[in-house]
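Trainee: Keeping their order, the protein sequence lines are chains A and B. Taking the numbering used here, the leading residue of the first sequence gets 1, the next gets one more, and so forth. Taking the numbering used here, the leading residue of the second sequence gets 1, the next gets one more, and so forth.
Quick caveat, the hints were computed from the structure, so don't treat them as lab data. There may be inaccurate statements among the hints.
[What the hints assert, rightly or not] Not the full set, but computed from the structure, chain B residues with beta-carbon under 8 Å of chain A:
no. : residue
1   : 28
2   : 31
3   : 48
[Claimed, not checked] Keeping only pairs whose Cα atoms sit at most 20 Å apart, straight-line, the calculated EDC-like set for lysine to aspartate or glutamate is:
no. : chain 1 : residue 1 : chain 2 : residue 2
4   : A       : 4         : B       : 2
5   : A       : 4         : B       : 36
6   : A       : 148       : B       : 43
7   : A       : 142       : A       : 194
8   : A       : 154       : B       : 43
9   : A       : 94        : B       : 13
10  : A       : 114       : B       : 81
11  : A       : 154       : B       : 46
12  : A       : 154       : B       : 303
13  : A       : 154       : B       : 11
14  : A       : 154       : B       : 106
15  : B       : 239       : B       : 190
16  : B       : 315       : B       : 303
17  : A       : 140       : A       : 95
18  : A       : 148       : B       : 46
19  : A       : 114       : A       : 137
20  : A       : 67        : A       : 26
21  : B       : 238       : B       : 303
22  : A       : 140       : A       : 214
23  : B       : 8         : B       : 36
24  : A       : 211       : A       : 167
25  : A       : 4         : B       : 80
26  : A       : 152       : B       : 13
27  : A       : 205       : A       : 233
28  : B       : 302       : B       : 250
29  : A       : 152       : B       : 2
30  : A       : 142       : A       : 100
31  : B       : 76        : A       : 3
32  : A       : 114       : B       : 44
33  : A       : 152       : B       : 190
34  : A       : 152       : B       : 44
35  : A       : 142       : B       : 43
36  : A       : 4         : B       : 81
37  : A       : 138       : A       : 107
38  : A       : 152       : B       : 11
39  : A       : 114       : B       : 43
40  : A       : 142       : B       : 197
Keep in mind that this is a model prediction, so the values were computed, not measured. Quick reminder that beta carbons are idealized off the backbone N, C-alpha and C, glycines included.
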Amino acid sequence: MSEKPVPIRPGMHYIMGGIKTDVNGETGVPGLYAAGECANVSVHGANRLGANSLLDTVVFGRRSAEKASDYVKSVPNEDIPTKSYVERDLKKIKDIIDSEGNLRVSEVRNEMAKAMTEGIGVFRDQKSMEYAKSVVEKTKIKYRDSIKIQNKGKVYNTDLLFALELENMIDCAESIVHGALTRKESRGAHFRTDITGRNDNDWLKHTLIYKKEDGEIKIETPDVTITQWQPVERVY
Amino acid sequence: MEVTLNVKRFDPEKPKNNTWIQEYVMDIHQSSTVLDALIHVREEMDGTLALRCACRASICGSCGMKVNGEAKLVCKTRVEELSPNGEKLLIEPMGNQPVIKDLIVDLSAFFAKMEQISPFLQPNKEPESGEFIASNDSMEKLLTEMNCIMCGLCVSECTVLEVDNTFIGPAALAKASRFVYDPRDDKTSERLNCLNDEAGGMWDCTRCMQCVEVCPKGVSPMDRIMDLRETAIEIGAKKTHGYHHTNSFEKSVTANGRLDESRLALESAGIFNIFRLLDLVPVGLRALIRGKLPPFIPHKAKDNKKIKELAKAIKEKE
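Just chain A, same shape as in the assembly (with noise of 0.2 Å):
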């Protein structure tokens, strides 16, 4: 083994975005709560280090079940009307299983993947990422108009699994080329090859992305609130 060649590449690690919370763990819905890799409490800034991701399960995990479960008492214990919403993933599910398009899902996710890996990899550019963004777009369509399943069963469908996963993998692709595309310096792991610097001055920010119902996106740069740590460069 140790004679002969090893293949290496960079792979994803960790997810440095993420829904947006505060201290408690609340989103921006009322009753709906984030912890975990899933969530951006926004403690890590733009490059997450070693074991620091334990804040995100032992500390913000454990804050925001306590949250939940506050929350959870102070409102009323009402019925809610979950047959239209039961309906509409049903639909969303056997659409799925009946779709007749010719391409596998994990067909139209690796050319997604192998575009974001090389548009917006470990270094990146305006053109690189342009070119991710317009893969995304037609990743979209295609998942939209032409993928198919094979496996049409209820037990441990993954078939069916990957291809939800990969509705929602567009959604987060999506709001990386934004995001990506949006900040116009160099920071932590967001390293740009044609603007190389970091720029305290311009982008002291963070960046939001919203989709609206219509699937418009929105983006907004509010700045970051800096109190007792300075934000200090990663010398190490």
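Using the hints provided, position chain B relative to the given structure of chain A.
Mentor: Chain B in isolation, oriented as in the chain A frame:
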């Protein structure tokens, strides 16, 4: 390189012929793992194949299954090693657990047993200053136990679970040792008394070593079980057939230099335990008929004295 996988399939939704072996032939990279090959099947050949996997780097413990009859993490198993000349590989779900679909087994019994050992620290005092500090040294001693990724390979291969699914099993026992030997935990004797349970407790392990063989993380569950047994005896939790068995073993070897099997059988059962002794009668009769009944007056080893000296030396050392 070309590889042929023979995958054991199971589809609970099929009314009949729901179990079959399906062959997949494909071209893969020389460095591919068995998991890479299975993912290739799922993504490019057959979307109906169900398997579990996540990290692909032997840290999450999701992709346990049998390859050529032996439980393995398939992400840690290279195709080339098992099939250097294109030999077909047989892929089956793990053993001792019900199959949900294809290569996916139901892990609920596995986790129920984990829960049974209360897998969390239980100190009986408040920390002096905010938190309990464990010394580096004490944590380093627990590294082996803490390595467990709960993949279930040891449970899949456990020869006791194969015949008695009430056995708590190697994974949960190894996890129990992680808490018994943690200096911050104060429930040591409660834990050991619980593990001493005659029905499915730690004395049911037959020391077959299968779990040690297949553990991908070097946890050696059987060794952890032996540690627990020793500690249980040390703290005086001795009301078990297992303890009497061990004790009788020691006594007879010390006294005669060899094992006195008649005495071992009687003392393990407990000489006042009429019901347990009655259980032994048919076994004894069968042994008698076949001329295998051990002698009532035990043979003594020739170098008995040396063994006694050894036993004495060990006692003194302790």
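Trainee: Which of the stated hints cannot be reconciled with the structure, identified by number in ascending sequence?
Mentor: 1, 7, 10, 12, 21, 29, 33, 40
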